[in-house]
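J.: Sequence order for the protein chains is C and P. Taking the numbering used here, the leading residue of the first sequence gets 24, the next gets one more, and so forth. Taking the numbering used here, the leading residue of the second sequence gets 24, the next gets one more, and so forth.
Just so you know, the hints here were simulated from the structure itself, not pulled from any lab data. Predicted, not measured: the structure shown is a model, and the values here were computed from it. The beta carbon of each residue, even a glycine, is placed where N, CA and C say it ideally should be. Take the hints with a grain of salt, since some may be wrong.
As the list claims (entries may be wrong) - Here are the computed lysine to any residue pairs in the SDA-like style, where the Cα-Cα straight-line distance is at most 20 Å:
id, chain 1, residue 1, chain 2, residue 2
1, P, K365, P, G337
2, C, K248, P, G121
3, C, K25, P, A295
4, C, K149, C, G131
5, C, K261, C, E70
6, P, K161, P, R237
7, C, K54, P, E374
8, P, K248, P, E128
9, P, K248, C, R129
10, P, K248, C, G121
11, P, K84, P, I242
12, P, K54, C, E50
13, C, K25, P, F64
14, C, K248, P, D125
15, C, K261, P, G357
16, C, K248, P, G108
17, C, K25, P, E50
18, P, K54, C, H45
19, P, K248, C, G131
20, C, K365, P, L60
21, P, K54, C, L26
22, C, K84, C, V289
Unchecked claim - Incomplete in silico selection of chain C near chain P, CB under 8 Å:
id, residue
23, T92
24, D125
25, Y130
26, G228
27, W252
Said to hold, decoys possible - Anything over 12 Å on all C-beta distances counts as not near chain P; from chain C, calculated:
id, residue
28, R47
29, E66
30, D152
31, D206
32, G294
33, A403
34, S406
2 protein chains.
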Amino acid sequence: MKLGALNPPQRLLMGPGPSAVHPRVFEAIGKPVLGHLDPAFLEIMDETRSLLQAVFGTENKLTLPVSGTGSSGMEAALVNILEPGDHAVVCVNGAFGGRMADIVERYGAHATRVDSPWGEIVPPEKVADALNETPNPKVAAIVHVETSTGVLQPLREVARLAHESGALFLVDAVTSLGGAPVDVDETGIDVCYSATQKCLSCPPGLAPITFSERAVEAIENRRSKVASWYLDMTLISKYWGSERIYHHTAPISMIYALRESLRIVVEERPGARYERHRLHSAALCAGLEAIGLTLGAQEGYRAPMLNMAFIPDGVGDASARRRLLDEFNIEIGGGLGAFAGKAWRIGLMGESCSRASVMRCLDGLESILRSEGLPIPQGAGLSAAMERYESGS
Amino acid sequence: MKLGALNPPQRLLMGPGPSAVHPRVFEAIGKPVLGHLDPAFLEIMDETRSLLQAVFGTENKLTLPVSGTGSSGMEAALVNILEPGDHAVVCVNGAFGGRMADIVERYGAHATRVDSPWGEIVPPEKVADALNETPNPKVAAIVHVETSTGVLQPLREVARLAHESGALFLVDAVTSLGGAPVDVDETGIDVCYSATQKCLSCPPGLAPITFSERAVEAIENRRSKVASWYLDMTLISKYWGSERIYHHTAPISMIYALRESLRIVVEERPGARYERHRLHSAALCAGLEAIGLTLGAQEGYRAPMLNMAFIPDGVGDASARRRLLDEFNIEIGGGLGAFAGKAWRIGLMGESCSRASVMRCLDGLESILRSEGLPIPQGAGLSAAMERYESGS
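Just need the whole structure built from these sequences, with the hints factored in.
T.: This is the structure in structure tokens:
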């Protein structure tokens, strides 16, 4: 077999992740590989943990990147806390809430689902009811930003309800971390996981995770071994802790990349970073509406880093996205589940979240939609976005 | 928090993995990230699969890299094949065989252990007995090269016995793949997994895996869902197959790196590569014996890419390895389990397997041992290795 060297095209990544990667992160990922027990690498692990604690907003000791993508973080969170027969309240208003419920059941625990329509938040009252109806709920699990719909779920009230009922509060911050406040300790989150390729703008491959002291206690008091050996925090914590007992070979180069991407997040400062996401999303949404698209997520609860908009009637989903990719080198996401073929998901995450991205995307979309016959006044999207930028709101 | 840019030292990696990474692989890992459903990335996935098939020596369609390190490959192999209540025969002659048995039990299956002393192979007769004694054995699992001892297990006889008893034959090729013949189809292996950071000389983070048609049939005929959602091949195969259904976001940059490292393996040609590993191991072992070390693995079954040698009396394990690291920038591995503190594990894997590595390691070790008072004639190790190189055997 004869294959040439790798030569991937340079896309503008505005899908649901991965997002653009800063040149500094590419520089870090190519640094010499160290052994996973090399003292120089152990120091890098400690630094990475400190940076993760800063970005999560937590002092949790058990904070580390799981050696897998965001979904492995979801599985790690659930499989460490739950034992067969345990009860979990799982909020489901999109694909990722559904995935949590699936994982809970696979490991022999019971999921009380709190279903809400895709595109809307899960009302805290419904969570309260589910917690009341569930015998000894061990955990209440919710997705902060549903990547399948772009809804941003308020967390504090649900955190309070979970704790009142004696449950741990588990949050999927895959899409939100680095782009909107998560503030693990202040919010009262007991288990929180994320992914590297969204608002942290690192290549995909790791799942940052953090466990509160109450969560660690629950793990320590398990009656059974954690079902997954690979994700077993009772073992992994001995490698990331002072014992340094080998568990599995750490993904060295990816940890280099994560460390650098977190350094960039911390340098920007969280407040400025969240404001940047808010501003560009506001401009993008104004532009999308100006070219005739309707926003999909519930008003007042729209996530800035993932903007869902319905595809205008008569426009082909796959063909329009393919033209955007081929003619403009821009990737946006298609709809998932209930919204497959009906909506687009436009990401503005981390390094991808800029005025240049917004303008380039609106330019491309407007041009394609007009060529499909939609009566859009020339430059309508760009003008609307520009107006937003000039008003700064 | 103020942390500087990453600046890891350049080590000669001669531990049990990671091994040295070729500059071409670093170039590939830094290429622009693509979306996991980008047509250009789907092509890269297909190419990576073809390369994996070539290196595994298989035509198995279900061949792909698991999105985690080698141990996730082990878990993926077992959790997809086994269901609660199933019986597995697991050969245990070191740490990694023990890990397999642990995983089997965690998922509610039964492991019939075939224990053999650490440092020795598992005799096929003992496997035959275990297969006979086990009701409906679904799988017989064995480690090809035990990374904890450096033993290379012959596979063909065990493959035959497994198939005779109706079991699938599962092989851990984490340390062997790319450095010794695995030949999945010819050997009769049904499930085989490896890791990227050993003889493939790619950074750690992925676990190549392959399933035969019989293994795929077993997965398709499961009565229960695969317990691990993240490792569920019934879902992952739909992303790697023609359906391209999203499961989890692929670790794009690591797949770039793997593709390039496999390209290098294929360019060298397997036969030449195995011979290279054999030759340098022979030279290293001659040198080690000449400076007074005793080889640890059973004679006739020594793996070329992982050489275990007992530490001479009176020499401190940790302090000697630390001096080798600090004064010579060379990493070798300590002993595991039964051999902790008693033996060293010296890797010669992929890019790390060269005459330069052998000589530099013998130079450093001899120098340290002599300074610890061992009566080694100057240059004894280097001379012995050189003699081997000149004889070519």
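J.: Now look at each hint and say whether the structure bears it out.
T.: So, going through the hints one by one against the coordinates:
Pair hint K365 (chain P) plus G337 (chain P) holds up; C-alpha atoms about 11 Å apart against a cutoff of 20 Å. A hinted pair counts as satisfied when its Cα atoms are at most 20 Å apart, and K248 (chain C) with G121 (chain P) qualifies at roughly 16 Å. Between K25 (chain C) and A295 (chain P) the CA atoms are separated by roughly 18 Å; this keeps the pair inside 20 Å, and the hint holds. Annotation: proposed proximity of K149 (chain C) to G131 (chain C) is violated, straight-line Cα distance about 24 Å (limit 20 Å).
Taken as a hint, the K261 (chain C) and E70 (chain C) pair is honoured in the structure, with Cα atoms around 17 Å apart against an allowance of 20 Å. A C-alpha spacing of about 11 Å is found between K161 (chain P) and R237 (chain P), which places the hinted pair at or below 20 Å, so the restraint holds. Between K54 (chain C) and E374 (chain P) the alpha-carbon distance is near 16 Å, which keeps this suggested pair within the 20 Å criterion. Between K248 (chain P) and E128 (chain P), the direct Cα distance comes to roughly 17 Å. Compliance with the 20 Å bound is thereby established for this hinted pair.
This hinted pair checks out: K248 (chain P) and R129 (chain C) have alpha carbons roughly 7 Å apart, not beyond 20 Å. Between K248 (chain P) and G121 (chain C) the alpha-carbon distance is near 16 Å, which keeps this suggested pair within the 20 Å criterion. Simply put, K84 (chain P) and I242 (chain P) have alpha-carbon atoms about 14 Å apart, close enough for the 20 Å limit, and the pair holds. As the CA atoms of K54 (chain P) and E50 (chain C) are separated by approximately 11 Å, the hinted pair is consistent with the 20 Å bound.
The suggested pairing of K25 (chain C) with F64 (chain P) holds, with an alpha-carbon distance near 18 Å, which does not exceed 20 Å. The straight-line distance between the Cα atoms of K248 (chain C) and D125 (chain P) is roughly 10 Å, inside the 20 Å bound, and the hint therefore holds. A threshold of 20 Å between alpha carbons decides the hint, and for K261 (chain C) with G357 (chain P) the separation of about 18 Å falls inside it, so the pair holds. The hinted pair formed by K248 (chain C) and G108 (chain P) meets the criterion: a straight-line CA distance of about 17 Å does not exceed 20 Å.
This hinted pair checks out: K25 (chain C) and E50 (chain P) have alpha carbons roughly 19 Å apart, not beyond 20 Å. For the proposed pair K54 (chain P) and H45 (chain C), the alpha carbon gap of about 12 Å is at most 20 Å, so the pair holds. Annotation: proposed proximity of K248 (chain P) to G131 (chain C) holds, straight-line Cα distance about 11 Å (limit 20 Å). Annotation: proposed proximity of K365 (chain C) to L60 (chain P) holds, straight-line Cα distance about 18 Å (limit 20 Å).
In summary, the hint linking K54 (chain P) to L26 (chain C) is supported, as the alpha carbons are separated by about 16 Å, within the 20 Å threshold. For the suggested pair K84 (chain C) and V289 (chain C), the alpha carbons sit about 19 Å apart, so the restraint of at most 20 Å is met. A least Cβ separation of about 5 Å between T92 (chain C) and chain P falls short of the 8 Å threshold, and the interface hint therefore holds. Taken as an interface hint, D125 (chain C) checks out: its beta carbon lies about 6 Å from the nearest beta carbon of chain P, inside 8 Å.
For Y130 (chain C), the shortest C-beta to C-beta distance to chain P is roughly 6 Å, which falls under 8 Å, so the interface hint holds. Given hint, G228 (chain C) at the interface with chain P, holds; its Cβ is 4 Å from that chain's nearest Cβ, closer than 8 Å. Nearest Cβ of chain P to the Cβ of W252 (chain C): about 5 Å, under the 8 Å cut. The hint holds. A beta-carbon of chain P comes within 12 Å of the beta-carbon of R47 (chain C); the shortest separation is about 7 Å.
Its closest Cβ contact with chain P, about 9 Å, brings E66 (chain C) to no more than 12 Å, contrary to its assignment away from the interface. The Cβ of D152 (chain C) sits about 27 Å from the closest Cβ of chain P, beyond the 12 Å cut-off, so the non-interface label holds. Non-interface status of D206 (chain C) relative to chain P is upheld: no Cβ of that chain comes within 12 Å, the nearest being about 17 Å off. At roughly 16 Å from the closest C-beta of chain P, the C-beta of G294 (chain C) stays outside 12 Å, upholding its exclusion from the interface.
Against the 12 Å criterion, A403 (chain C) stays outside the reach of chain P, whose nearest CB is about 27 Å from its own CB. Against the 12 Å criterion, S406 (chain C) stays outside the reach of chain P, whose nearest CB is about 29 Å from its own CB.
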